[in-house]
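J.: Given next are the chains, with one letter for each unit.
Number of protein chains: 2
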Amino acid sequence: MNNQNELMIKMVVDAWNGQLARTTKLFNELTDKQIENETAPGRNTGTYLLGHLIAVHDALFTLLGTGQKMYPSLEEVFIKNPDKSGLEKPSIKELRNYWNEVNDEMQKQFGQFTVDEWLQKHTAVSEEDFLKEPHRNRLNVLISRTNHMAYHLGQLAYLKK
Amino acid sequence: MNNQNELMIKMVVDAWNGQLARTTKLFNELTDKQIENETAPGRNTGTYLLGHLIAVHDALFTLLGTGQKMYPSLEEVFIKNPDKSGLEKPSIKELRNYWNEVNDEMQKQFGQFTVDEWLQKHTAVSEEDFLKEPHRNRLNVLISRTNHMAYHLGQLAYLKK
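For the record, the sequence lines run as chains A and B. Residues 1 to 161, numbered by my numbering, are exactly what the first sequence covers, in order. Residues 1 to 161, numbered by my numbering, are exactly what the second sequence covers, in order.
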């Protein structure tokens, strides 16, 4: 039984790592100029989606209760406001660094959770609600963010020639 | 322990159902004309991505070992060949019907698997390899196909005004 639990955790974490590897590979293949482009006419630029993914992943530290955000200022620019907000964005060079730093730290943490820790509640649900809805746990957040990354990866792929 | 197993299966199946509901909602909101458009200049049309997702989901019946494909001819047009292959495609009306039929049947089957059945090997791995790589099971296929759907959903979203 315990083996089945660990196997399922591994599968979910592997799916995260797989999408992360694909997305990182794409960013590494794209030039700064390509990342600055719109993914499609009138749609989000690669810059915005890169910043958006960093900000969403960075928010996992607080949501999973494992630490503080590394780059809290990104939320205003890349989550609360749209691409053409006029707010100043970090350079692509800086964003590339943030991407690696946030995701590296995250992967380190993910490798250390036990099964029970993965199934503990995330910080956006109350103890009371969690008793009734035990699926509102850390692992579920990871599943959701993996799909979120895949969704935007599909769009970022359009930056390639 | 058994509770934790069932909880994790529920989370993975819920993630599939969630992405499926979002994708179905999008197709229902789009007119046939909109679906015919390219998702971005020079990229796959909505028609192709709709057919592609149906064909990939339809292939799950054989991959999970629960039945035969409902529309085997789609593989040639929507998986083995690209959008502008010149091969004749079904009408959008037909594709909309196939989408519902394939996914409805699939959801029915998914609701009936036990934990052990979800963790059984899929049909593309040998008994021998499965002993060494127990993650190559049905649930892992579902995780992978959920991310695949999210990836293309991100692109299909560009069909909306």
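Keep in mind that the hints were calculated from the coordinates and are not lab data. Please note: incorrect hints may appear among the correct ones.
Note that the list lumps identical chains together, so a pair holds whenever it fits in one copy or between two copies.
Dumping the calculated BS3-like pairs for lysine-lysine here, alpha-carbon to alpha-carbon at most 30 angstroms [what the hints assert, rightly or not]: (1) 132 / 33; (2) 132 / 25; (3) 89 / 69; (4) 93 / 132; (5) 69 / 161.
J.: As a check of your reading, is residue 89 near residue 69 (CA-CA no more than 30 angstroms) within one copy, between copies, both or neither?
T.: within (18 angstroms within a copy, 49 angstroms between copies)
J.: What label fits residue 69 with residue 161 when the C-alpha limit is 30 angstroms: within, between, both, or neither?
T.: For residue 69 and residue 161, the Cα distance exceeds 30 angstroms both inside one copy (34 angstroms) and across copies (35 angstroms).
J.: State whether the alpha carbon distance between residue 132 and residue 33 is at most 30 angstroms within one copy, between copies, both, or neither.
T.: neither (49 angstroms within a copy, 45 angstroms between copies)
J.: Within a copy, between copies, both or neither: where do residue 93 and residue 132 come within 30 angstroms Cα-Cα?
T.: neither (45 angstroms within a copy, 42 angstroms between copies)
J.: Are the CA atoms of residue 132 and residue 25 at most 30 angstroms apart within a copy, between copies, both, or neither?
T.: between (40 angstroms within a copy, 28 angstroms between copies)
Of the numbered hints given earlier, the model fails hints 1, 4, 5; all others are met.
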